[in-house]
Every structure is written in C-alpha cells, then in structure tokens.
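Letter by letter, the sequence shown follows residues 1 to 427 in this note's numbering.
I should point out that these hints are in silico values taken from the structure, not numbers from a laboratory. Nothing false has been slipped in among the hints.
Ranges between beta-carbon positions, derived for each pair:
1) Gly264 with Tyr389: 21 to 27 angstroms
2) Asn286 with Asn348: 18 to 24 angstroms
3) Glu391 with Gly264: 19 to 25 angstroms
4) Met377 with Asn28: 47 to 53 angstroms
5) Ser113 with Asp338: 28 to 34 angstroms
If you're wondering where the values come from, they're calculated on a predicted model, not measured in any experiment. Note that CB positions come from ideal geometry on N, CA and C, so glycine has one too.
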Amino acid sequence: MKKTCTLTLLALLLVCLCMVAHAAGPVNTAYIGSITDVNGNAVTTLTDGSTSTTWTQPYAGYGADLTINLYSATVGEIWVRNGHCYSQNYYNHYDRPDVIAVTIWYSANYYTSNSVTYRYRMSDNFRPNTSSASWYNGYQRILLPEQYSNVTRIELTIESAIQGYGYTGATITDIIVASGSHATATPYTRVTATPKPYVQYVTPTPNVQYITPTPTPYVQYITPTPTVRVEYVTPTPTRQVVILTPAPTTPTPTANPVVQPSEGYPSAGVIAELLKTAATRSGPSNDYDEPGSFFSKGVEVNVISKAWDSENGLWWFQIEFSYRGEWMRAYTPENRIDLDPSLVPTENDEGDAREVLYDQRVYFGPGENFRMYKVSMLYKESRAVIYGYEEVNGVLWAQIHYHDYAIGEDRRGWVPAECLSSWPFPW
1 MKKTCTLTLL ALLLVCLCMV AHAAGPVNTA YIGSITDVNG NAVTTLTDGS
51 TSTTWTQPYA GYGADLTINL YSATVGEIWV RNGHCYSQNY YNHYDRPDVI
101 AVTIWYSANY YTSNSVTYRY RMSDNFRPNT SSASWYNGYQ RILLPEQYSN
151 VTRIELTIES AIQGYGYTGA TITDIIVASG SHATATPYTR VTATPKPYVQ
201 YVTPTPNVQY ITPTPTPYVQ YITPTPTVRV EYVTPTPTRQ VVILTPAPTT
251 PTPTANPVVQ PSEGYPSAGV IAELLKTAAT RSGPSNDYDE PGSFFSKGVE
301 VNVISKAWDS ENGLWWFQIE FSYRGEWMRA YTPENRIDLD PSLVPTENDE
351 GDAREVLYDQ RVYFGPGENF RMYKVSMLYK ESRAVIYGYE EVNGVLWAQI
401 HYHDYAIGED RRGWVPAECL SSWPFPW
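Take these sequences, add in the hints, and give me the full structure.
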C-alpha cells in the first residue's frame, strides 16, 4: 500500500512538473539578440516578460517601428502582448496596434538575403478565460503561413492603431519568437505563461502578401544645396559676371489658393489620397504629441492647409478625416499625401499669445462635431497661442498651441475664441 501511494505521488509530481514546463512559454522559442526601435535604440522592456513594462510608439512612418534581431533562427510564429496588459484599465487607456505588417528577413545563401511581408489585423477582443485569473499574461499568436529558416531579423511596422482613451501611441507589452507550427486551419491550443493566458490566434489578411526578393534600399531625403545663379552681362566686349544672392531656404510666400468646400467633409479643402499610413501630430512638427496613425495607402482625406517645418525642411499638411464616427484634424508630413503643396493655403507662422479666461475643453477641429481631447483641458489664467481662426455656424473658433499638463506635452487644438482674452498675453 505504501509503495502504491509513493508511486502515485511520484506520478502526480511528474505531471505537475510537465504542466509547469509546458506553461512556461511556446515550445522552441528563439533567442532574441535584441529588439530595436526606428532610431536603432534597444527596447529591453519587450523581452523582460513583465506586464508592467511596455514599449509605446514615439512616432510612426519613418521605417520599421520595431526590429527583432535574431541569429539564423527558425521562425513559424510570433507571440505579441498587444496593448498594455497590466490590467483592464491600462489596456483600455493605451492605444493598441490594429494592423501590423510583419517582414521576415532570411538568408538565401551566404551572400544574399530574401524577405517576405505579411499583413495581420490584431484582435481587440482581449479577455480572460477559465485558466487566466486576470487580464495580464495574455498573448496574441501571429501564425506565419510557413516556417522560415535562417531568419536574421523580423520587422514590425504598425500601419494603424486602435485608440484608447489616453491617446498614448500604439503600445506593446512583450514579444516572443518561436519556430512552432505554421498556420493551419485548426491551430492547436498551447499555453505560454503562468497563469495560462487567453491566446488569440491571428491570421493574415487574405490575398495581401508582399514579397521583396532583395532588401529595400534605404532612401535618404537630402535638402538640395541652394544653387548660386550666375548672370552674364555683356554691355561691352568684356564679359562681366554678376553673382546674385542665393534664394532663401524658407519657401517664398505666394498668394494663397482659394479652396472650395469638400463634399462629404465639414470643411473646405482639397481631397487627396494617402501615399502611406498617415502618422500624425497635433501640430506641424515632431515637437507635438501624436494623436495616432490612421488608414493606409489609397485612402482619401481632406487637406485643409500646410505649415512649413524649417527644422526638418518640409511641409506638414493639416488633414481632416472621420475616424470611428467622429471628425478629426491632425498634421502629417507632405511625403504621405499625393498632393502638390501649392494647391492649399499656407498657415500663419506667427502666433498671437492670449490669456485663457475660463476652463475650456479642447477639440480636434473647429466645432463640437469634432472629437474632443478626452484628457485635455485648457485652464483659466493659463497661456494659449493663436495660430488661426475659423467661423462655424456663427461661432468663431481659434486654433491654439498650449501645453497639456495631463500628458506633459505641447499640443494644438481648437476652442471657442470667446474663452481667450481680446488683448495680448500680459506676462
């Protein structure tokens, strides 16, 4: 009897050990050398296995948002904690990646590399199950259509995001890479952490596959050096050379074009197509906060105006669009819109500082039919700089620059002009 009990206990212990080992993560996980952001900086929070640390996208659209560096690994699946998974409240507060382009780079031979890109739409149906006591430890499993060998890196590009109420920028908690099994019609259940998480299986969008047999060349945009114009004057047989002053780097002001009301949009503008995902800022430079990244190539937006960014030598377009049933305005760089900048008016680049007369909510555009900044407030006796006015239904709205203390960043937004003083800011 004692021997039987001992054997039973040993068997139970073995089962428990197997369950713990099985719950530790995906089988055959690949060693990740590093994960770097678009600037090449290492992102260690994505490999620490902690739900309390995250990576949040600082800005988008200038290359792969995240690069996973590997050592000739075999890859069949990628596990992503999509959003901030510390708690349900955190998850709802932070933005979550919606569509992610996954590019696999693998060695074809000693001298060449190939790449293949798939697009995935992540699920926003993140929930616990009977094995998961809370929101944390939940992964979504990105299944590749086939296994790839000799993988040297994986690039993740966030093409659109699902906005949380905090408007934080797309957030990821952790990433795991594994060989596993490639996508099948009925993927089998596998636990990946303790406690066992809810696993959402993500499959590629049908008929969307981009294959690039050779690496995409890095494109660097270089501002042309001003050309010195040389005029030859020949009043006499002796040739005289007159060197004229180079044209200024800032575009010469020209008469602003008149834009017509855009059909289907609340404001006058020029309808144009996106050349790529619209990575946006609330104002015309990288110094402003990020409302998010929206849509993809080919989607139409209403272009209202343009503003010159002298630091980076480019135009920013103020665009208008509808997102989840609400109107929004934001700024995106000119290389994202298929439009000649001369077709839209230039904004005033000299701000007019005013005092705030009473607390006022801030909107994404001129009117209460635009989305409201949910965690943003313009406070009485603070300072706001006016960059433009628009009249809507008899109410004058002002576009302002202000510091949002809720997020610790500068923003542009719209408020009724009546909440601002009629005299310049006195301090």
